[in-house]
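Listed below, chain by chain, are the residues.
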Amino acid sequence: MNPYLLIVLLTSLGLGTALTLSSTHWLLAWLGLEVGTLAILPLMAQRHHPRATEAATKYFIVQATAAATLLFAAFNNAWLQGHSDIQHMSHPLFTSMITLALLLKLGLAPMHTWMPQVIQGVSLNTGLIVSTWQKIAPFILLLQIKQIHPPLLTIIGLASILIGGWGGLNQTQLRKILAYSSIAHLGWILLILQHSTALATYALLIYIFMTSATFITLKKCKATTINMLTTTWTKAPTITLVAPLMLLSLGGLPPLSGFAPKWFILQELTQLNFIPHASIAAMAALLSLSYYLRLSYSITLSLSPNNLPECLQWRVNYPISTPLSSALPAALALTLFLLPLTPSALTLII
Amino acid sequence: MSYLVCVLLFGLMVGSVGVASNRSPYFAAMGLVMVSGVGCGVLICFGGSFLPLVFFLIYLGGMMVVFAFSAALSAEPYPYGWGNRSVKMYVAAYVLGVGCAWKVLLGKWSGFWGGNLDESGELLVLRGDMMGVAAMHDVGGWMLVLGGLGLLLTLFVVLELVRGVSRGGLRTV
Numbered sequence: 001m002n003p004y005l006l007i008v009l010l011t012s013l014g015l016g017t018a019l020t021l022s023s024t025h026w027l028l029a030w031l032g033l034e035v036g037t038l039a040i041l042p043l044m045a046q047r048h049h050p051r052a053t054e055a056a057t058k059y060f061i062v063q064a065t066a067a068a069t070l071l072f073a074a075f076n077n078a079w080l081q082g083h084s085d086i087q088h089m090s091h092p093l094f095t096s097m098i099t100l101a102l103l104l105k106l107g108l109a110p111m112h113t114w115m116p117q118v119i120q121g122v123s124l125n126t127g128l129i130v131s132t133w134q135k136i137a138p139f140i141l142l143l144q145i146k147q148i149h150p151p152l153l154t155i156i157g158l159a160s161i162l163i164g165g166w167g168g169l170n171q172t173q174l175r176k177i178l179a180y181s182s183i184a185h186l187g188w189i190l191l192i193l194q195h196s197t198a199l200a201t202y203a204l205l206i207y208i209f210m211t212s213a214t215f216i217t218l219k220k221c222k223a224t225t226i227n228m229l230t231t232t233w234t235k236a237p238t239i240t241l242v243a244p245l246m247l248l249s250l251g252g253l254p255p256l257s258g259f260a261p262k263w264f265i266l267q268e269l270t271q272l273n274f275i276p277h278a279s280i281a282a283m284a285a286l287l288s289l290s291y292y293l294r295l296s297y298s299i300t301l302s303l304s305p306n307n308l309p310e311c312l313q314w315r316v317n318y319p320i321s322t323p324l325s326s327a328l329p330a331a332l333a334l335t336l337f338l339l340p341l342t343p344s345a346l347t348l349i350i
Numbered sequence: 001m002s003y004l005v006c007v008l009l010f011g012l013m014v015g016s017v018g019v020a021s022n023r024s025p026y027f028a029a030m031g032l033v034m035v036s037g038v039g040c041g042v043l044i045c046f047g048g049s050f051l052p053l054v055f056f057l058i059y060l061g062g063m064m065v066v067f068a069f070s071a072a073l074s075a076e077p078y079p080y081g082w083g084n085r086s087v088k089m090y091v092a093a094y095v096l097g098v099g100c101a102w103k104v105l106l107g108k109w110s111g112f113w114g115g116n117l118d119e120s121g122e123l124l125v126l127r128g129d130m131m132g133v134a135a136m137h138d139v140g141g142w143m144l145v146l147g148g149l150g151l152l153l154t155l156f157v158v159l160e161l162v163r164g165v166s167r168g169g170l171r172t173v
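Protein chains in written order, with the UniProt record's numbering: chain A, 1 to 350; chain B, 1 to 173.
No lab work stands behind these hints, which were simulated from the structure alone.
Some clues are possibly wrong.
Here are the computed distance ranges between Cβ atoms for each label pair [unchecked claim]:
#	chain 1	residue 1	chain 2	residue 2	range
1	B	Y80	A	C311	43 to 49 Å
2	B	S74	A	C311	48 to 54 Å
3	A	L93	B	Y80	34 to 40 Å
4	A	C311	B	S86	20 to 26 Å
Partial pick of chain A residues on the chain B-facing surface, computed with a CB cut under 7 Å [unchecked claim]:
#	residue
5	L5
6	L31
7	L245
8	V316
9	T322
If you want the ones that stay clear, here's a sample from chain B, every Cβ over 12 Å from chain A, calculated [unchecked claim]:
#	residue
10	A29
11	C40
12	A68
13	S70
14	Y90
15	Y94
16	V98
17	G99
18	W142
19	V157
20	R163
These figures come from a predicted structure and were not determined experimentally.
Glycine residues also receive a C-beta, built at the ideal position from the N, C-alpha and C atoms.
Based on the sequences and whatever the hints tell you, model everything.
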């Protein structure tokens, strides 16, 4: 892609999120969301094969529908209330409508069906941007809306964790697995959103680190299916060593950093006496863990048949360098080693 | 006067149904022309002066013309008009929907007629919509700049999405 255009699009991506994060008026928030949606469309369609074009079209239609619903409900609320302040919305119907629009933007169940198709149709780097950066702006808007109908958030959160777990079980394409993983993680974030916004922010932050590390690792291995992961040991032995830990961090196992958000969310839910919610969420996390374990098995725990020349790729191509390679050590360190630092990490957010 | 508003709103409904039920952008655009003309009449009946002008000049004379050009670029040889069976099905469905809404809401909007465009309810020197436009340029200056930036970005995005003749998103351009 033309480098000038690439700079314009990436800057506009950042501008869109920055506009939404700094807004107190719904019109400016909507403007930021739309700028972010538009800026990523050429990045999604840049390969111009039909799958990418279809993914870009679906993404645009879904996000535009959500943004239109958001604008409609925001202006209706402004008409009834007299001001368009994000933090002082009071009408329950339009608050729910805005919440549903933002959840459609985030890709939560039952509005999740576009996520696997969109992330599958684009390249790994663009899928990384869609999975991580594009979640920040709607999430910040959700944080600021008070008095959301609590059963709405709880039901959608639990449904997302369950659907993210069950949906990823039958997949062999890695980008679809990561899409369902994204749905499940955002379900956890939504579950705790009404009780503790600090924990929701922390969970989103750890999710962004883990997902970035996973996408960059997959890009380095040039793997898009589970079968292609089996030759990782020939290409990058270090990644073969570290990748299971990264995937188990996504699954939420101690002593890795992915355990911290789940731990604190379950603790908060049990302290508030939401025992069924905590139990269902904890058991549904096992579904996601099973497909992370399947990926770890393919990468590290089994040695697939290979011919001799292919076993020595690491000698010829080392180090595999992609544009995001320099971010991988930082992302991996944050994915694996953040658990002992949790008290000081939480003070940054609380 | 309220009879005129009724007729204009009926025209609005007919035009909207025509827009929504069409698979071909040419006939949908004709429906949009009807909708904007009639909507402009509704706004005039409620006291607006600037917004109807904006409707005709900017919406019809600017955006609709550009849309007609770009629709002509991606021309299809046999567009679906209103005589087509599938389009007639859609028209029937939308008219049914409008009828249901009419039945449900009839009689609940009795205080609707005779309102003013700016809803302030007081006597003002300037019209409400003119004051709004002035405020948009005055205190809302930076929002206009951001809106213009967003539209410029849209231009770049669209140009990037459709370039490349056979390799781009639109094969004939």
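### Task
Against the structure, test the hints numbered earlier, and report the numbers of the ones violated in rising order.
The structure conflicts with hints 1, 4, 7, 8, 9, 18, 19 and 20, although it agrees with all the remaining ones.
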